[in-house]
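Visitor: Protein sequences, first through last, are from chains G and S. Position one of the first sequence corresponds to residue 1 (my numbering), numbered consecutively onward. Position one of the second sequence corresponds to residue 1 (my numbering), numbered consecutively onward.
Please keep in mind that the hints were generated in silico from the structure rather than gathered at the bench. Some hints here could point you the wrong way.
With a cut-off of at most 25 Å between alpha-carbon atoms, the simulated SDA-like pairs for lysine to any residue come out as follows [as the list claims (entries may be wrong)]: (1) S/Lys97 - S/Cys234; (2) S/Lys249 - G/Lys142; (3) G/Lys13 - S/Asp121; (4) S/Lys35 - S/Asp58; (5) G/Lys13 - S/Lys249; (6) S/Lys243 - G/Glu159.
Calculated from the model, a selection of chain S residues having no Cβ within reach of chain G, i.e. all distances over 12 Å [stated by the list, open to error]: (7) Gly2; (8) Lys35; (9) Asp39; (10) Lys97; (11) Gly98; (12) Ile209; (13) Ile212; (14) Ala216; (15) Ala219; (16) Met220; (17) Asp235; (18) Cys245; (19) Leu253; (20) Ser257; (21) Ile261.
For each residue, glycine too, the CB sits at the ideal point set by N, CA and C.
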Amino acid sequence: MPFTAKSGKFNAKINAVEVGTGDKKITIGGENVLPFYTFDDAIANAPKVGIEITDGGLDNEPDCIKKYYEGCTSVVDMAKKAASFEGVDFLSIRLEGGDPNGQNKSTEELIALLKEVAEAVDLPLAVCGCKNVEKDAELLDKASQALEGRNAMIMAAKEDNYKTIGASAGLAYKQIVGAESAVDINLAKQLNVLLTQLGVNGQSVVMNVGTATAGYGFEYVVSTMDRVKAAALSQSDATLQMPIVTPVASEVWAVKESVASEADMPEWGDQEERGIDMEIETAAAVLVSGSNAVILRHPESVKAISKMIKELV
Amino acid sequence: MGKFVVIGERIHCISPVIRKAMAERDPAPILKRAKEQLDAGATYLDVNIGPAEADGEDLMKWAVQLLQNEFDNVPLALDTANKKAIEAGISVYNRAKGKPIVNSADAGGRIENIDLAAANDAIVIALCSAEGIPADNDERMGYLTTMLERGLEHGMDPTDLWFDPLFLVVKGMQDKQMEVLEAIKMFTDMGLNSTGGLSNNSNGMPKHIRPIMDAALVAMCMMQGLTSAIVNPCDLRLMETIKSCDVFKNNTLYADSYLEI
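Chain S with its partners taken away, still in its complex shape:
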């Protein structure tokens, strides 16, 4: 098995600094966040440009080239509701370090993003939901089957669909947490890859608590076979946990300096 894939989530237009930098095409703040995340151990960087209805194509192209030129073709997840923007981003994307990730498709209104990924030989994050949160794992697996079949029909390799079980917030849905973990195990048993916004579990908790909850959950998820997560790599506790779990899983060879590399 390969190492756990950390997708850095910090280039996100919800942040005022990034939103402003994107609007003004100002490289500095975006490159700074990219470097921080890569130094901290991110493999992929997520580039969220929001809905970007007006100039999404131009913006995504700019962001892809900016990041890949600066950081040796760093692989990227292209994150927007604007399909044309994703295609534009892929048109200038260099695959030397990994395929682009389309973020994201679901089994409802966004299912066509699977077709888009297939047409562009990309990876796609496939959310196991259609409208709202799946009620149980039967529903999750139903969505998974729909999306997997869609991908296969379009000639995708099953491992290029990275299934997202939909991580749920503990404060409010504590009783559903084990179900998410069981879903991951089912994906793993089918030989599929998985990812997701894992830190959603700790939404609304005090700042000092969140890294603890996130680290505990990532360890449990990796035990179930989770292969990736979209997280903040600058969270040291989380990254130390991921690197340690990679050692236990024999995904990476232990050396005394393993936390520094």
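Same shape as in the complex, but just chain G:
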């Protein structure tokens, strides 16, 4: 009997979410097949790559990244430069200086900076908070307001602040609401349910289901993403059909394998090469597990991952 290949495309699909406005607008998600399964059906929209800068500017970058921003004297300069790197689809700014346990910068100061950055670049934007739930509620509410009309991703609403951030980003200012859970599949679903019950349009939600650097409990990340896609596609679960956006950079550039200098760890070799490798490996792995976008930091990682996506889709 001849072998007849059966297409693995699903009747359900991941929501296609537009981010940004104008010519540079991107669409995340929309596929009805497993990640990169182009032999089952065309991938509606190739995964997208964002580059991350922070409110801390150059001081906050690892030495190996500083040189790519040579000549930049402000965060705005860096934003313009970051937007020009090869393979960048969107710009992410992480307002980590707002953390009350860190620099504790005021919301006013950070929002003023965010506005300057937004005016300087026409790429789609993602805004990430400082990881403190109370401060993020305030910060991301103001960020949603400041970016009105930019259709930006607000990263992210969590279980403890989704009401404030969902109401602000999703209802009042019509941004894209990021829903963040920490490698907890049931909570990932629950947050989407809660946001839609709040009145947020499910088509304007993206998920950060949590990540880790490759090697750091990463199998839980993979199984979470696998299960999300299985529910979304094979079980047609509308509460999990939101595209996944994974901020890789903030994890990768916090582990010793990426940042320990060659002087400290001579047997690990060149630090820059190692950091880029860690970032590329992690990004590639979350993409094949179902992430529809990744946020990276090193311009070389961005270039490589963007090339990988182009060749696979």
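Place chain S on chain G using the hints.
Guide: Using the frame of chain G, we list chain S on its own:
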């Protein structure tokens, strides 16, 4: 496995309100019942227009278009003894949310409804009976084989025949209940889908008892592999049980708000 498919049974011409609405082509009462059932978690809606010998074709077309236009192409089970009415309904049916279900065929006088489903790429509910109630599971499985072969001969996908074991009333046939459950397990072992009028078990019982019996039976049936049932989705206890069993069976991912979605 997919989620348990709830076919809402409340658009039925046996109800005076619905019968009148159908006769007068009055949308409001039909749409109201449809909305209640969909809000309560029904996937399919059964549309029973009765024998409808006089104007069945026109009535079924009207009902299909009415419901699908109002509720984003909600999938429907077309329920009537009038074959031409079923075909007329399918001719205007939109498949975006699922194939139409022909309700129903059996292994006796209504076996040709399998041919009808095959010709129209529809699902068919196949009652494991010919005349009256099957005496035992040997008889049930005999009917099943006849109907399955008929479907396959006409090019149907076996999973498009949803076998109905024939649920029996407890008051009078209590000793036959386990047999029905065993039949479902046999269907499941063959990789087949199943459905049926599950609440028949509690016919004649007091109103407050029926949801309890129906919920207990649906849980036992889902354990045996039942994939669907034709029920009243507005029965909260029953729907909560189905949603909970879907979680245990890993048909749906658990979230704290699972009962609300």
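Visitor: All hints are to be evaluated individually against the structure, with a verdict given for each.
Guide: Consistency of the hints with the structure:
1. S/Lys97 - S/Cys234: 21 Å, holds
2. S/Lys249 - G/Lys142: 44 Å, violated
3. G/Lys13 - S/Asp121: 23 Å, holds
4. S/Lys35 - S/Asp58: Holds: lysine 35 of chain S and aspartate 58 of chain S sit about 23 Å apart, inside 25 Å.
5. G/Lys13 - S/Lys249: 23 Å, holds
6. S/Lys243 - G/Glu159: 23 Å, holds
7. Gly2: Non-interface label fails for glycine 2 of chain S: nearest chain G Cβ at 6 Å, not farther than 12 Å.
8. Lys35: At roughly 18 Å from the nearest Cβ of chain G, lysine 35 of chain S sits farther out than 12 Å, so the non-interface label holds.
9. Asp39: 14 Å, holds
10. Lys97: 9 Å, violated
11. Gly98: 9 Å, violated
12. Ile209: Holds, because the least Cβ-Cβ distance between isoleucine 209 of chain S and chain G comes to about 33 Å, which exceeds 12 Å.
13. Ile212: 28 Å, holds
14. Ala216: Label holds. Min Cβ-Cβ 26 Å, cutoff 12 Å.
15. Ala219: Non-interface label on alanine 219 of chain S holds, nearest chain G Cβ at 20 Å vs cutoff 12 Å.
16. Met220: Its Cβ never comes within 12 Å of chain G, the nearest being 23 Å, so this holds.
17. Asp235: Answer for aspartate 235 of chain S: holds, closest chain G Cβ roughly 23 Å.
18. Cys245: 15 Å, holds
19. Leu253: 5 Å, violated
20. Ser257: Serine 257 of chain S not clear of chain G: closest Cβ-Cβ about 5 Å, inside 12 Å.
21. Ile261: 6 Å, violated
Hint violations for this structure: numbers 2, 7, 10, 11, 19, 20 and 21, all remaining hints satisfied.
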